[in-house]
Amino acid sequence: MRKISVLLALLFLLALPIDASSQQAYRDYLYQFDVYRKDYSDFQTARGEYLKFQTLTSQTSALTKTKTMLAQRDMLLRTYLLLLTERLNENPGLTADEQNRYLSMLVTEINFLDRQKSAVLAIASLEGTTSHSKELETHYPALYAAMRGAASELLRGGVVAEVLDFDRLFDNAKTLGSGNRPLSSPEKQATIDRWIVVIANRRGVLEQTLEDVRLTDQKIFKTTVPDEADRWFTDSAKAIAAAKLQLSEVTANLTELIASMRYQD
Amino acid sequence: MEKQLQTPVQTPDQPVPAIPPAILPAQAGNKRPVWLPFLVVFIALILAGIAIVLQIKRALFTVPSPSTSTPAPTAAVSRPLSALATDSAFLLLESSVTSLSGRVSALSVQDSTLAPPILDLPLGF
Numbered sequence: 001m002r003k004i005s006v007l008l009a010l011l012f013l014l015a016l017p018i019d020a021s022s023q024q025a026y027r028d029y030l031y032q033f034d035v036y037r038k039d040y041s042d043f044q045t046a047r048g049e050y051l052k053f054q055t056l057t058s059q060t061s062a063l064t065k066t067k068t069m070l071a072q073r074d075m076l077l078r079t080y081l082l083l084l085t086e087r088l089n090e091n092p093g094l095t096a097d098e099q100n101r102y103l104s105m106l107v108t109e110i111n112f113l114d115r116q117k118s119a120v121l122a123i124a125s126l127e128g129t130t131s132h133s134k135e136l137e138t139h140y141p142a143l144y145a146a147m148r149g150a151a152s153e154l155l156r157g158g159v160v161a162e163v164l165d166f167d168r169l170f171d172n173a174k175t176l177g178s179g180n181r182p183l184s185s186p187e188k189q190a191t192i193d194r195w196i197v198v199i200a201n202r203r204g205v206l207e208q209t210l211e212d213v214r215l216t217d218q219k220i221f222k223t224t225v226p227d228e229a230d231r232w233f234t235d236s237a238k239a240i241a242a243a244k245l246q247l248s249e250v251t252a253n254l255t256e257l258i259a260s261m262r263y264q265d
Numbered sequence: 001m002e003k004q005l006q007t008p009v010q011t012p013d014q015p016v017p018a019i020p021p022a023i024l025p026a027q028a029g030n031k032r033p034v035w036l037p038f039l040v041v042f043i044a045l046i047l048a049g050i051a052i053v054l055q056i057k058r059a060l061f062t063v064p065s066p067s068t069s070t071p072a073p074t075a076a077v078s079r080p081l082s083a084l085a086t087d088s089a090f091l092l093l094e095s096s097v098t099s100l101s102g103r104v105s106a107l108s109v110q111d112s113t114l115a116p117p118i119l120d121l122p123l124g125f
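Protein sequences, first through last, are from chains F and S.
1 is the number of the first residue of the first sequence in this note's numbering; add one for each residue after it.
1 is the number of the first residue of the second sequence in this note's numbering; add one for each residue after it.
Hints are computed from structural coordinates only; laboratory data are not their basis.
All values reported here derive from a predicted model rather than from experimental measurement.
Using N, Cα and C, we set each Cβ at its ideal position, and we do this for glycine too.
Hints are not guaranteed to be accurate.
[Claimed, not checked] Ranges of calculated distance between the beta carbons of each label pair, as one might list FRET restraints:
1. S:L119 x F:A259: 48 to 58 Å
2. S:D120 x F:E228: 12 to 22 Å
3. S:S96 x F:Y31: 34 to 44 Å
4. S:G124 x F:Q23: 30 to 40 Å
5. F:R115 x S:P122: 13 to 23 Å
6. F:K219 x S:S78: 55 to 65 Å
7. F:K174 x S:P122: 57 to 67 Å
8. F:Y140 x S:S96: 27 to 37 Å
[Unchecked claim] 16 Å max Cα-Cα, derived EDC-like pairs, lysine to aspartate or glutamate:
9. F:K38 x S:D120
10. F:K238 x S:D111
11. F:K174 x S:D87
12. F:K174 x S:E94
[What the hints assert, rightly or not] Here are some chain F residues the structure puts well away from chain S; computed CB gaps all over 12 Å:
13. T55
14. N111
15. R115
16. T129
17. N201
Start from the sequences and build out the full structure, keeping to the hints where you can.
See below:
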């Protein structure tokens, strides 16, 4: 009876859905965002009371609430960066070199935020909170560029993953087609050859579009102006949408090629 | 007794009866108007033209009535399959491309979960 119970418990645990790490990271991020919103609201109230009454009590309360908010702000940004790292690890469209490079950038930023969060504990005055906050304000453009660049590369990687599969299937189709050539009429061979040329040309255009996205993303990583980062992010997003459309068309062409290979005429 | 037609015997005393001018046969030498044949041809051409125009109009503007006969089912044209059609590698390729096509259609190029938090950084003290 005991053995059956253990077996049933194990089967139950195996049947539970396994969350991807990024899904758990996203839930953590959403939770920290909720906590931050509450802490920020408390900070705004305490700041308002201090600026209005300028009493020692309001000053002490403002200091406490500000420090809590600053620590939570660092925690929020940290969990967002952790979400990006998990998504980078799971993205099959990025090369190992690209993944390592972006992960390295994000880890640098996570370490900065960890130092910031540790330093909040030592702040003893409202002037201290202001100068502490200014460190993040000064560093924020670089942090923002890393976040936007990583997000755009993740979107590009999503398309590249399907393009890699397309390339594999196209190669398979060409191999099967060339193996069947002796059994095909010259007209059929000519039709198949034409399709292969059309597909190869369109694949070339798609490759150029994806390369343009990659180059734009490198600009995002290097900028120190958040508005510029946003503008290039938008440009990348448009190009990624165009790449998806091109991939859809070339996949339809591959479907036509295979349909043509199915028949003798 | 036979009745015999007796032709009148012309005698010098009996003149030939005059035939009314109305039933006089056309005499050689009577002249028709020159323009009469041309008029006839012209009228004939006009009538022919009218008939052709009417025919064309009928052909252009007549809506054909729907066929009331039962259409017979046409035999499906079967295309000969190639040697690849039953090859397992080809069938796998076919299904893989169908699967890829579905994934590409469903591919989302926007991801709201990647939007960074919007923060108000300056403290305002």
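Evaluated hints:
| no. | hint | result |
| --- | --- | --- |
| 1 | S:L119 x F:A259: 48 to 58 Å | holds, 53 Å |
| 2 | S:D120 x F:E228: 12 to 22 Å | holds, 20 Å |
| 3 | S:S96 x F:Y31: 34 to 44 Å | holds, 40 Å |
| 4 | S:G124 x F:Q23: 30 to 40 Å | holds, 36 Å |
| 5 | F:R115 x S:P122: 13 to 23 Å | holds, 20 Å |
| 6 | F:K219 x S:S78: 55 to 65 Å | holds, 57 Å |
| 7 | F:K174 x S:P122: 57 to 67 Å | holds, 60 Å |
| 8 | F:Y140 x S:S96: 27 to 37 Å | violated, 46 Å |
| 9 | F:K38 x S:D120 | holds, 14 Å |
| 10 | F:K238 x S:D111 | holds, 13 Å |
| 11 | F:K174 x S:D87 | holds, 15 Å |
| 12 | F:K174 x S:E94 | holds, 13 Å |
| 13 | T55 | holds, 15 Å |
| 14 | N111 | holds, 18 Å |
| 15 | R115 | holds, 17 Å |
| 16 | T129 | violated, 6 Å |
| 17 | N201 | holds, 19 Å |
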